[in-house]
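Number of protein chains: 2
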Amino acid sequence: MSIEQGTTYTHEFSFTQDEVVKFAEVTGDKNPVHLDEAYAAATMFKRPIMHGFLGGSVFSKVFGTLFPGEGTIYLKQSMSFMRPMYVNAVYEVRMTVKEVNKEKHRANVETNIVDKATGDVVISGEATVMNVNRI
Amino acid sequence: MSIEQGTTYTHEFSFTQDEVVKFAEVTGDKNPVHLDEAYAAATMFKRPIMHGFLGGSVFSKVFGTLFPGEGTIYLKQSMSFMRPMYVNAVYEVRMTVKEVNKEKHRANVETNIVDKATGDVVISGEATVMNVNRI
Numbered sequence: 001m002s003i004e005q006g007t008t009y010t011h012e013f014s015f016t017q018d019e020v021v022k023f024a025e026v027t028g029d030k031n032p033v034h035l036d037e038a039y040a041a042a043t044m045f046k047r048p049i050m051h052g053f054l055g056g057s058v059f060s061k062v063f064g065t066l067f068p069g070e071g072t073i074y075l076k077q078s079m080s081f082m083r084p085m086y087v088n089a090v091y092e093v094r095m096t097v098k099e100v101n102k103e104k105h106r107a108n109v110e111t112n113i114v115d116k117a118t119g120d121v122v123i124s125g126e127a128t129v130m131n132v133n134r135i
Numbered sequence: 001m002s003i004e005q006g007t008t009y010t011h012e013f014s015f016t017q018d019e020v021v022k023f024a025e026v027t028g029d030k031n032p033v034h035l036d037e038a039y040a041a042a043t044m045f046k047r048p049i050m051h052g053f054l055g056g057s058v059f060s061k062v063f064g065t066l067f068p069g070e071g072t073i074y075l076k077q078s079m080s081f082m083r084p085m086y087v088n089a090v091y092e093v094r095m096t097v098k099e100v101n102k103e104k105h106r107a108n109v110e111t112n113i114v115d116k117a118t119g120d121v122v123i124s125g126e127a128t129v130m131n132v133n134r135i
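Protein sequence lines, in the order shown, are assigned to chains F and A. Heads up: the first sequence begins at 1 in this note's numbering, then just goes up one per residue. Heads up: the second sequence begins at 1 in this note's numbering, then just goes up one per residue.
Derived from the structure by calculation, the hints contain no laboratory data. Relax, there's no trap hidden among the hints.
It does not matter which identical chain is used: a pair holds within one copy or between any two.
Here are the computed lysine to aspartate or glutamate pairs in the EDC-like style, where the Cα-Cα straight-line distance is at most 16 angstroms:
#: 1; residue 1: Lys76; residue 2: Glu99
#: 2; residue 1: Lys30; residue 2: Glu70
#: 3; residue 1: Lys104; residue 2: Glu4
#: 4; residue 1: Lys76; residue 2: Glu126
Computed from a prediction, not measured in an experiment: that's the story for all the values here.
Please build the complete structure, drawing on both the sequences and the hints.
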């Protein structure tokens with residue numbers, strides 16, 4: 001898919017607790033707030049929250065495989081973790097292309113993750129990607 | 001570990017291709033530049049590169065489990081992917097505390113990943129974390 005200024009792309013996703021456990025194993029990020037129900041119950045979140053980086057990794061998935069897809073090189077990503085993310089909740093990545101540099105094949109993209117049930121933004125941020133064939 | 005202005009914390013790490021495959025499975029980020037040797041050989045990288053988000057996830061691991069560790073809540077992270085990262089190479093997270101707000105229990109931390117063999121920064125960025133007991 002080609003990327004043009006003003007284009008908005010959305011992609012729905014959800015993670016399971018099993019996937020959170022696998023993410024913790026691969027990355028080594030075994031913060032108990034993600035893994036231990038009893039521990040999480042005593043925090044302000046009341047139940048385990050997802051790793052922010054697991055949520056944010058969906059930006060990378062979208063850029064690398066969907067929008068613009070094959071050939072994408074990731075240059076920058078910022079993320080503000082606005083609200084906790086929970087397993088089995090349905091989220092949507094919402095990306096809006098802010099600026100395109102066709103000569104350098106680069107685009108700046110606003111990247112948000114929205115809780116489908118509440119409409120709340122849970123991660124907000126911005127990315128810069130390069131794709132020689134699609135930007 | 002408590003966090004004070006000016007403190008530097010380092011943590012060495014390395015990933016295997018097996019871990020890259022697992023990360024691709026969990027996150028859904030199956031960009032072939034990370035997974036397909038023949039595909040990667042035809043790119044400017046010549047061989048598969050790691051997901052930037054897998055490299056960056058080590059920031060989350062360090063904050064959540066080591067520095068400052070237990071109880072850390074991630075508020076912000078920016079990342080510039082300066083150079084490709086490769087499996088089996090040895091990298092080091094280098095974090096320097098830039099600003100501490102004891103009242104809000106928050107710290108701004110410069111977060112870099114350095115290739116141990118070359119000294120090159122491969123990911124540069126900045127984070128904001130909160131920890132009620134350790135900041």
